[in-house]
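*Asks:* The lines below spell out each chain.
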Amino acid sequence: MIELIKNPHIDFLGKKYIAFIVSGILSVIGVIAIVQIATGRANLGIDFAGGTAIQFKFEKPVALHNIRVAIESGGLKDFDLQDLPSENKILIRVKKADIKLGRISETIENILKEKMPDNKYVVDSTTEIGPKVGGRLRADAAKAVGVAILGILIYVAFRFQFKFGVGATIATFHDVLAVLGLFFIMGREINLILITALLTVAGYSLTDTVVVFDRIRENLKTRQRESVEAVMNMSINEVLSRTIITSMTVLLTSLALFFFGGEVLHDFSLAMIMGVIIGTYSSIFVASPVVLLWGGKRPFAKK
Amino acid sequence: MKKNILWRLSLIGITIVLAVIFFLPNTPGFQYMPEWWRQNMPNKGIVLGLDLQGGLHLVFEVEGDKAVEITTERYASRLKELLAKKKLTADATVSGLNITVSPSNPDIKKAIEDGFPTLAPVETGSKLVYRLSDKEAKRIKDTSADQALETIRNRIDQFGVSEPTIHRQGENEIVVQLPGVKDPKRAIDLIGKTAQLEFKIVDDEAKMAAELPQTISSGEEEKILEQFAGKIPENTEILFEKKINTETGVVRKIPIMVKKQAALTGDLLSDAKVNIDSRFSEPYVSISFNDAGAKTFEDVTAANVKKRMAIILDNTVYSAPVIQERIAGGNAQITGSFTMEEAKDLSIVLRAGALPAPMKMLQNVTVGPSLGRDSIEAGKMAGMIGTIAVVIFMIIYYRLSGVIADFALFLNIVLLLGAMASLNATLTMPGIAGIILAIGMAVDSNVLMFERMRDELRAGKTPRAAVDSGYHKAFWTIFDSHVTTLITAAVLFQFGTGPIKGFAVTLSLGVSINLFTALIGTKSVFDIINSKRELTKLSI
Numbered sequence: 001m002i003e004l005i006k007n008p009h010i011d012f013l014g015k016k017y018i019a020f021i022v023s024g025i026l027s028v029i030g031v032i033a034i035v036q037i038a039t040g041r042a043n044l045g046i047d048f049a050g051g052t053a054i055q056f057k058f059e060k061p062v063a064l065h066n067i068r069v070a071i072e073s074g075g076l077k078d079f080d081l082q083d084l085p086s087e088n089k090i091l092i093r094v095k096k097a098d099i100k101l102g103r104i105s106e107t108i109e110n111i112l113k114e115k116m117p118d119n120k121y122v123v124d125s126t127t128e129i130g131p132k133v134g135g136r137l138r139a140d141a142a143k144a145v146g147v148a149i150l151g152i153l154i155y156v157a158f159r160f161q162f163k164f165g166v167g168a169t170i171a172t173f174h175d176v177l178a179v180l181g182l183f184f185i186m187g188r189e190i191n192l193i194l195i196t197a198l199l200t201v202a203g204y205s206l207t208d209t210v211v212v213f214d215r216i217r218e219n220l221k222t223r224q225r226e227s228v229e230a231v232m233n234m235s236i237n238e239v240l241s242r243t244i245i246t247s248m249t250v251l252l253t254s255l256a257l258f259f260f261g262g263e264v265l266h267d268f269s270l271a272m273i274m275g276v277i278i279g280t281y282s283s284i285f286v287a288s289p290v291v292l293l294w295g296g297k298r299p300f301a302k303k
Numbered sequence: 001m002k003k004n005i006l007w008r009l010s011l012i013g014i015t016i017v018l019a020v021i022f023f024l025p026n027t028p029g030f031q032y033m034p035e036w037w038r039q040n041m042p043n044k045g046i047v048l049g050l051d052l053q054g055g056l057h058l059v060f061e062v063e064g065d066k067a068v069e070i071t072t073e074r075y076a077s078r079l080k081e082l083l084a085k086k087k088l089t090a091d092a093t094v095s096g097l098n099i100t101v102s103p104s105n106p107d108i109k110k111a112i113e114d115g116f117p118t119l120a121p122v123e124t125g126s127k128l129v130y131r132l133s134d135k136e137a138k139r140i141k142d143t144s145a146d147q148a149l150e151t152i153r154n155r156i157d158q159f160g161v162s163e164p165t166i167h168r169q170g171e172n173e174i175v176v177q178l179p180g181v182k183d184p185k186r187a188i189d190l191i192g193k194t195a196q197l198e199f200k201i202v203d204d205e206a207k208m209a210a211e212l213p214q215t216i217s218s219g220e221e222e223k224i225l226e227q228f229a230g231k232i233p234e235n236t237e238i239l240f241e242k243k244i245n246t247e248t249g250v251v252r253k254i255p256i257m258v259k260k261q262a263a264l265t266g267d268l269l270s271d272a273k274v275n276i277d278s279r280f281s282e283p284y285v286s287i288s289f290n291d292a293g294a295k296t297f298e299d300v301t302a303a304n305v306k307k308r309m310a311i312i313l314d315n316t317v318y319s320a321p322v323i324q325e326r327i328a329g330g331n332a333q334i335t336g337s338f339t340m341e342e343a344k345d346l347s348i349v350l351r352a353g354a355l356p357a358p359m360k361m362l363q364n365v366t367v368g369p370s371l372g373r374d375s376i377e378a379g380k381m382a383g384m385i386g387t388i389a390v391v392i393f394m395i396i397y398y399r400l401s402g403v404i405a406d407f408a409l410f411l412n413i414v415l416l417l418g419a420m421a422s423l424n425a426t427l428t429m430p431g432i433a434g435i436i437l438a439i440g441m442a443v444d445s446n447v448l449m450f451e452r453m454r455d456e457l458r459a460g461k462t463p464r465a466a467v468d469s470g471y472h473k474a475f476w477t478i479f480d481s482h483v484t485t486l487i488t489a490a491v492l493f494q495f496g497t498g499p500i501k502g503f504a505v506t507l508s509l510g511v512s513i514n515l516f517t518a519l520i521g522t523k524s525v526f527d528i529i530n531s532k533r534e535l536t537k538l539s540i
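These protein sequence lines map, in sequence, to chains A and B.
To convert, note that position 258 of the first sequence is 258 in our numbering; the numbers rise steadily by one, no gaps.
To convert, note that position 520 of the second sequence is 520 in our numbering; the numbers rise steadily by one, no gaps.
Extracted from the complex, chain A is given alone in its bound form (with noise of 0.2 Å):
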């Protein structure tokens, strides 16, 4: 038998205030981010922000700075590039929603097809985003990630107890905050799919969280004379390896979508990493301290 950790006896719950620390800057940061976001100072991207992205790609390779001159000197200013040189791709953002679509993406493949003329190309994608729509999609994500934290609130305190709820839905929400702090930090770009990812994660991070209730429950049944943070701290240590090893193998397959995946799913595939990572993280130094610190009557005392 290959064990992880064998026979593991670590004071998790001992640890809570240090672990308080940490995930109180985490969120902090992702509560930053989120005031950033409303304010749109954030990097927001297309989908949310509104704007014009335009993928090109050329047959030849091209230097982003001459593409940058090009287009400036073609009378746009307010727009951000970024490169993928294995393939010649250029990527192109405007995030100007306020004229009429289709005039940017014209206007800079007028501007290519006059400044390049001996680099031909292809339009890889084009996204045009409206306003009024990214303003509908925001108000979607916002209440898509409300929606899905109240569920599992709902769910949980209804599985467990409204106790249990709270702690599970606060690692969660933990965990959600983290992962858009992070990105916030790192100045990536938040949209839609990190939003998506963002979700994925809520619900497989409560899956560790889950894990650990489901232990503390039984052993608190059983072992009535012994105190609910020694129970808590017991059943922690010996569900430890299957979280681990569950969150290893999400942590794989993301981790070869990261790697191998391809353009589109770069970002999701990150979150994915940071949220799993966090995400059970969350589930032994923040879901059953919380639960500890609420306080109330022994849960599943016998009557």
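Possibly wrong hints are sitting among the right ones.
Only pairs whose alpha carbons sit at most 25 Å apart, straight line, appear in this in silico BS3-like list of lysine-lysine [claimed, not checked]:
| no. | chain 1 | residue 1 | chain 2 | residue 2 |
| --- | --- | --- | --- | --- |
| 1 | A | K132 | B | K138 |
| 2 | B | K380 | A | K57 |
| 3 | A | K132 | B | K141 |
| 4 | B | K259 | B | K242 |
| 5 | A | K120 | B | K242 |
| 6 | B | K127 | A | K132 |
| 7 | A | K77 | B | K185 |
| 8 | B | K185 | A | K113 |
| 9 | B | K185 | A | K132 |
| 10 | A | K115 | B | K66 |
| 11 | A | K95 | B | K185 |
| 12 | B | K141 | A | K113 |
| 13 | B | K501 | A | K143 |
| 14 | B | K260 | B | K66 |
| 15 | A | K89 | B | K242 |
| 16 | A | K60 | B | K182 |
| 17 | A | K113 | B | K182 |
| 18 | B | K223 | B | K243 |
| 19 | B | K127 | B | K85 |
| 20 | A | K57 | B | K185 |
| 21 | B | K231 | A | K120 |
| 22 | B | K501 | A | K132 |
From chain B, some residues computed to sit far from chain A (all C-beta separations above 10 Å) [claimed, not checked]:
| no. | residue |
| --- | --- |
| 23 | I5 |
| 24 | R8 |
| 25 | E69 |
| 26 | Y75 |
| 27 | L88 |
| 28 | K141 |
| 29 | N290 |
| 30 | Q324 |
| 31 | E342 |
| 32 | E377 |
| 33 | T387 |
| 34 | V447 |
| 35 | R454 |
| 36 | Y471 |
| 37 | I520 |
Bear in mind the hints are in silico, worked out from the structure with no lab data behind them.
Think of the CB as a built atom: it goes at the ideal place given N, C-alpha and C, for glycine as much as any other residue.
Assemble the complex: chain A is given as a structure, and chain B must be docked to it using the hints.
*Replies:* Chain B only, in chain A's frame:
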């Protein structure tokens, strides 16, 4: 016990066979199947989303307010006709949504209110001001969206796209999905054009006309309009003719000053078709007017010989030829150095008719076919490597039991693909991510059970008892953890757009199938091994 295993094994066997049958159309093997099979058995399989097969997803907003404005103008001219017929001298002017009639007297008021019950009075004192009643305005907005939908469907039918999806969304939005379109710009142009055809007389005599620049770059139109705003005569406007350099593809614009009032409009057309000029073998569109149109056209050409007439579609000048002589018969040509495709598209929009109101594009997501192909390849690669990594990990960590878990994993993949094919689900790029994540999660249930079995073995139970109680005790944990993932998948399905809906579908199918493979699949294998002889050691 034995019967129970047999029953479960046949259930697994049947689901595998079904999955293979449903998924077959997505494999190259399908074309080698006999004819009757391809006709009568499932033949659609998993459908590729727009982001994978390439295509367009467009959302338009029909500007209903503009339709109301246009109708208001039509009402004003009918109102003038009515008053003239009743020999009442009055003038009617339109500003925005209001029709102002002067002078104000009871006869005129009565004539208007009897003749136009759908007009509501705004002011009836010293001035008579009317506007369309709220109910009528709402009806116009409603029907304009319906008409626009119908016109767009017409245009796309004539354009020829296989399996387009066109539907209304909300009050005034139209969603158009065109899979596999090779030339997205052409399609967008064709659909989004209002196709309001107008003929206007060019005002070359006005002093300001000479001051207009010869040509400008595309994008400088606003600058010119600002520069000349207020300086040109009140009854004229500046429009632009588009000139494309056929070699470089560079677009230049020529400003032209025309009379605001259209001499003739496209609603008087009876037909439009493409012809080829015999001398330059250049395509052009020949149009024919109906009787009323032919008469007006003749009058206008007679009155403006030697002047230029601009042929304008949606405020862009196509050409502005000089009128050589009076033209009778009701036929005209629209030239403008078209390519064959442009000429064809122009004839389509002219035949299908103008949209009742202009449309604003709210969203355009266009994916070229090569990006989709790259994405599928990358997805296959990531899926394969992810699967291999998980398979190896499980065997190293759980040995023989790991092999059983890997069997369940393959069962999971086969059933997931089969289930998607049976639903003709749409596979999108995030959907591929969903499948790959489902592979990672698929073994989780087995991990939970195996760890439980280890607990039981440590507690001194026999292998068979450990397997049984391991399953029982792990069941609710597995169930709970799956439901939480399903909750978020359901939320994603509800709020997500196309590609993300695809993700929600694959993820929730993957998780549900996982319950089946873990609880029926893996358990059966253990039971078979156990039923042969009582195991003394469990390889776990």
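*Asks:* A separate judgement is required for each hint: does it hold in the structure or not?
*Replies:* Structure-based check of each hint:
{"no.": "1", "hint": "A:K132 / B:K138", "result": "21 Å, holds"}
{"no.": "2", "hint": "B:K380 / A:K57", "result": "22 Å, holds"}
{"no.": "3", "hint": "A:K132 / B:K141", "result": "19 Å, holds"}
{"no.": "4", "hint": "B:K259 / B:K242", "result": "19 Å, holds"}
{"no.": "5", "hint": "A:K120 / B:K242", "result": "23 Å, holds"}
{"no.": "6", "hint": "B:K127 / A:K132", "result": "39 Å, violated"}
{"no.": "7", "hint": "A:K77 / B:K185", "result": "24 Å, holds"}
{"no.": "8", "hint": "B:K185 / A:K113", "result": "16 Å, holds"}
{"no.": "9", "hint": "B:K185 / A:K132", "result": "22 Å, holds"}
{"no.": "10", "hint": "A:K115 / B:K66", "result": "39 Å, violated"}
{"no.": "11", "hint": "A:K95 / B:K185", "result": "21 Å, holds"}
{"no.": "12", "hint": "B:K141 / A:K113", "result": "41 Å, violated"}
{"no.": "13", "hint": "B:K501 / A:K143", "result": "16 Å, holds"}
{"no.": "14", "hint": "B:K260 / B:K66", "result": "18 Å, holds"}
{"no.": "15", "hint": "A:K89 / B:K242", "result": "30 Å, violated"}
{"no.": "16", "hint": "A:K60 / B:K182", "result": "22 Å, holds"}
{"no.": "17", "hint": "A:K113 / B:K182", "result": "20 Å, holds"}
{"no.": "18", "hint": "B:K223 / B:K243", "result": "18 Å, holds"}
{"no.": "19", "hint": "B:K127 / B:K85", "result": "21 Å, holds"}
{"no.": "20", "hint": "A:K57 / B:K185", "result": "17 Å, holds"}
{"no.": "21", "hint": "B:K231 / A:K120", "result": "43 Å, violated"}
{"no.": "22", "hint": "B:K501 / A:K132", "result": "21 Å, holds"}
{"no.": "23", "hint": "I5", "result": "27 Å, holds"}
{"no.": "24", "hint": "R8", "result": "25 Å, holds"}
{"no.": "25", "hint": "E69", "result": "19 Å, holds"}
{"no.": "26", "hint": "Y75", "result": "29 Å, holds"}
{"no.": "27", "hint": "L88", "result": "43 Å, holds"}
{"no.": "28", "hint": "K141", "result": "17 Å, holds"}
{"no.": "29", "hint": "N290", "result": "33 Å, holds"}
{"no.": "30", "hint": "Q324", "result": "35 Å, holds"}
{"no.": "31", "hint": "E342", "result": "15 Å, holds"}
{"no.": "32", "hint": "E377", "result": "8 Å, violated"}
{"no.": "33", "hint": "T387", "result": "8 Å, violated"}
{"no.": "34", "hint": "V447", "result": "5 Å, violated"}
{"no.": "35", "hint": "R454", "result": "7 Å, violated"}
{"no.": "36", "hint": "Y471", "result": "15 Å, holds"}
{"no.": "37", "hint": "I520", "result": "20 Å, holds"}
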